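Protein chains in written order, with the numbering used here: chain Z, 1 to 196; chain X, 1 to 129.
Among the hints, erroneous ones may be present.
[Said to hold, decoys possible] Only pairs whose alpha carbons sit at most 16 angstroms apart, straight line, appear in this in silico EDC-like list of lysine to aspartate or glutamate:
no.: 1; chain 1: Z; residue 1: 57; chain 2: Z; residue 2: 175
no.: 2; chain 1: X; residue 1: 78; chain 2: X; residue 2: 91
no.: 3; chain 1: X; residue 1: 16; chain 2: Z; residue 2: 105
no.: 4; chain 1: X; residue 1: 116; chain 2: X; residue 2: 99
no.: 5; chain 1: X; residue 1: 16; chain 2: Z; residue 2: 101
no.: 6; chain 1: X; residue 1: 16; chain 2: Z; residue 2: 113
no.: 7; chain 1: X; residue 1: 124; chain 2: X; residue 2: 63
no.: 8; chain 1: X; residue 1: 2; chain 2: X; residue 2: 26
no.: 9; chain 1: X; residue 1: 93; chain 2: X; residue 2: 113
[Stated by the list, open to error] Which stretches of chain X does chain Z cover? Using the computed rule of at least three CB atoms under 8 angstroms from a CB of chain Z, they are:
no.: 10; region: 5-13
no.: 11; region: 23-36
no.: 12; region: 60-72
[Claimed, not checked] Label-pair ranges, simulated between beta-carbon atoms:
no.: 13; chain 1: Z; residue 1: 69; chain 2: X; residue 2: 23; range: 22 to 30 angstroms
no.: 14; chain 1: Z; residue 1: 61; chain 2: X; residue 2: 19; range: 34 to 42 angstroms
no.: 15; chain 1: X; residue 1: 112; chain 2: Z; residue 2: 54; range: 20 to 28 angstroms
no.: 16; chain 1: X; residue 1: 114; chain 2: Z; residue 2: 153; range: 36 to 44 angstroms
no.: 17; chain 1: Z; residue 1: 47; chain 2: X; residue 2: 23; range: 31 to 39 angstroms
no.: 18; chain 1: Z; residue 1: 47; chain 2: X; residue 2: 28; range: 25 to 33 angstroms
no.: 19; chain 1: X; residue 1: 44; chain 2: Z; residue 2: 66; range: 43 to 51 angstroms
no.: 20; chain 1: Z; residue 1: 62; chain 2: X; residue 2: 96; range: 34 to 42 angstroms
no.: 21; chain 1: X; residue 1: 74; chain 2: Z; residue 2: 43; range: 31 to 39 angstroms
no.: 22; chain 1: Z; residue 1: 150; chain 2: X; residue 2: 26; range: 41 to 49 angstroms
no.: 23; chain 1: Z; residue 1: 149; chain 2: X; residue 2: 61; range: 41 to 49 angstroms
no.: 24; chain 1: Z; residue 1: 104; chain 2: X; residue 2: 60; range: 43 to 51 angstroms
no.: 25; chain 1: X; residue 1: 79; chain 2: Z; residue 2: 173; range: 30 to 38 angstroms
It should be emphasised that the hints constitute simulated quantities derived from the structure, not laboratory data. Just so we're clear, the structure is a prediction, and the values are computed from it rather than from any experiment. Glycine is no exception: its CB is placed at the ideal position from the N, C-alpha and C atoms.
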Amino acid sequence: MNLSQKLSQDFSEDCLAATSLRGKETMLDKDAIARFMLSAAEETFATMLGLQITSGKPSGEQAETAIHVERVVALIGLAGSYNGTGMISCSPALACKLASEMLMESLSAVDGEVLDAIGELSNMIFGNVKTMLEQQIGQFGLSIPTIIFGRNFWTRSFGEHWIVVPIEVNECDLDLRMCLLPNSTRSFSGLHRKHS
Amino acid sequence: MKINVLIVDDSAAIRKILTRVLSQTDLPWGDVHEAGDGVEALTILKSSEVSLILSDINMPNMDGLQFLTNVRANPQWKQIPVIMISTEGSETKVMEAVELGASNYVRKPFTADQIKEKILPCLKGVATS
């Protein structure tokens with residue numbers, strides 16, 4: 001059983017399976033979003049870093065999240081017929097390790113290069129999630145990533161919950177998160193595409 | 001005869017990776033110019049002789065498709081091969097880039113071999129300095 005299949009099995013047990021995102025033309029299950037995130041992460045880590053990942057059980061988490069330990073967090077926005085945010089969160093040590101693998105040089109402290117590398121990883125992962133989502137719910141715009149390094153801060157998404165996919169890389173934890181809601185209030189005529 | 005290349009990406013990490021990938025080929029690379037967006041890239045093109053462009057799509061100030069449009073509209077630059085390298089993997093976006101004159105397209109994440117495969121056909125007959 002590959003990771004995506006395992007994820008699907010685990011996810012069916014979760015409360016998230018009971019809810020779905022409803023748009024005007026399409027319905028998008030949260031377990032599908034989680035599968036897309038995992039699939040994109042698997043490909044990105046294998047191709048760019050030569051690293052395999054293992055996944056934990058996906059879950060839903062409150063939109064408001066407190067982060068008390070030092071973390072490197074990359075945020076990237078999506079906008080179209082649905083609006084949302086993708087997030088990667090990991091320890092500074094893992095961020096340095098991932099950046100070192102990506103750039104093939106030793107980076108031991110979080111600096112501009114490390115933040116840039118984590119931002120690019122988030123861009124690749126959520127860019128590919130975006131491509132997968134577009135096949136179901138039309139075109140999106142993708143923002144440029146914002147990367148935060150620090151501790152004792154709160155994050156709050158505009159949605160009700162984050163969809164959280166915990167993964168393990170090099171025996172360290174990394175969270176993939178996404179919130180996505182139908183855009184019922186704004187017109188994105190240049191981005192939105194109806195499906196026949 | 002050297003091949004001067006322009007790498008356009010807002011990520012310094014990606015510019016570094018692409019520079020490394022180029023150095024791993026046996027091709028006679030000359031100057032490797034770097035730009036963080038389309039505006040910077042156009043400035044470099046005005047003052048440098050470039051034989052190949054590798055460009056991202058999602059960038060601040062001027063994105064890769066706007067940059068490509070500018071390159072193809074300029075008689076001096078319109079023959080330069082432009083390879084788009086982006087997370088924008090949808091068929092719509094790829095077709096848009098091709099219609100605007102992209103010579104080839106690589107989806108992120110990429111391997112070094114994928115980059116080399118896309119570059120080599122584009123370099124046949126290009127002007128070198």
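For the pair supplied as a hint, residue 2 of chain X and residue 26 of chain X, confirm whether the alpha-carbon distance does not exceed 16 angstroms.
Roughly 12 angstroms separates the two Cα atoms, so the pair holds.
For the pair residue 149 of chain Z and residue 61 of chain X, does the Cβ-Cβ distance stay inside 41 to 49 angstroms?
Because 24 angstroms falls outside the window, the suggested range is violated.
Residue 44 of chain X paired with residue 66 of chain Z, Cβ distance criterion 43 to 51 angstroms
Hint holds: Cβ distance 45 angstroms, inside 43 to 51 angstroms.
Given the hinted pair residue 93 of chain X and residue 113 of chain X, is their alpha-carbon gap at most 16 angstroms?
violated (23 angstroms)
For a C-alpha distance cap of 16 angstroms, please report whether residue 16 of chain X and residue 113 of chain Z respect it.
holds (10 angstroms)
Proximity test - 8 angstroms, beta-carbon atoms, the region 60-72 of chain X to chain Z, at least three hits
It is violated, with 1 qualifying residues against the three required.
Outcome for the supplied range 41 to 49 angstroms, where the beta carbon pair is residue 150 of chain Z and residue 26 of chain X:
Check passed, 45 angstroms falls within 41 to 49 angstroms.
Residue 112 of chain X paired with residue 54 of chain Z, Cβ distance criterion 20 to 28 angstroms
holds (26 angstroms)
Hint says 22 to 30 angstroms; check whether the CB-CB distance for residue 69 of chain Z and residue 23 of chain X agrees.
violated (39 angstroms)
Between residue 74 of chain X and residue 43 of chain Z, does the beta-carbon spacing fit 31 to 39 angstroms?
36 angstroms Cβ-Cβ, so the 31 to 39 angstroms window holds.
Quick check: do three or more residues in the region 5-13 of chain X have a beta carbon closer than 8 angstroms to a beta carbon of chain Z?
holds (count 4)
Per-stretch coverage check for the region 23-36 of chain X, three Cβ contacts closer than 8 angstroms to chain Z:
The restraint on the region 23-36 of chain X is violated, since only 0 of its residues have a Cβ under 8 angstroms from chain Z and three are required.
Hints 2, 4, 7, 9, 11, 12, 13, 17, 23, 24, 25 from the list above are not met by this structure, while the remaining hints are.
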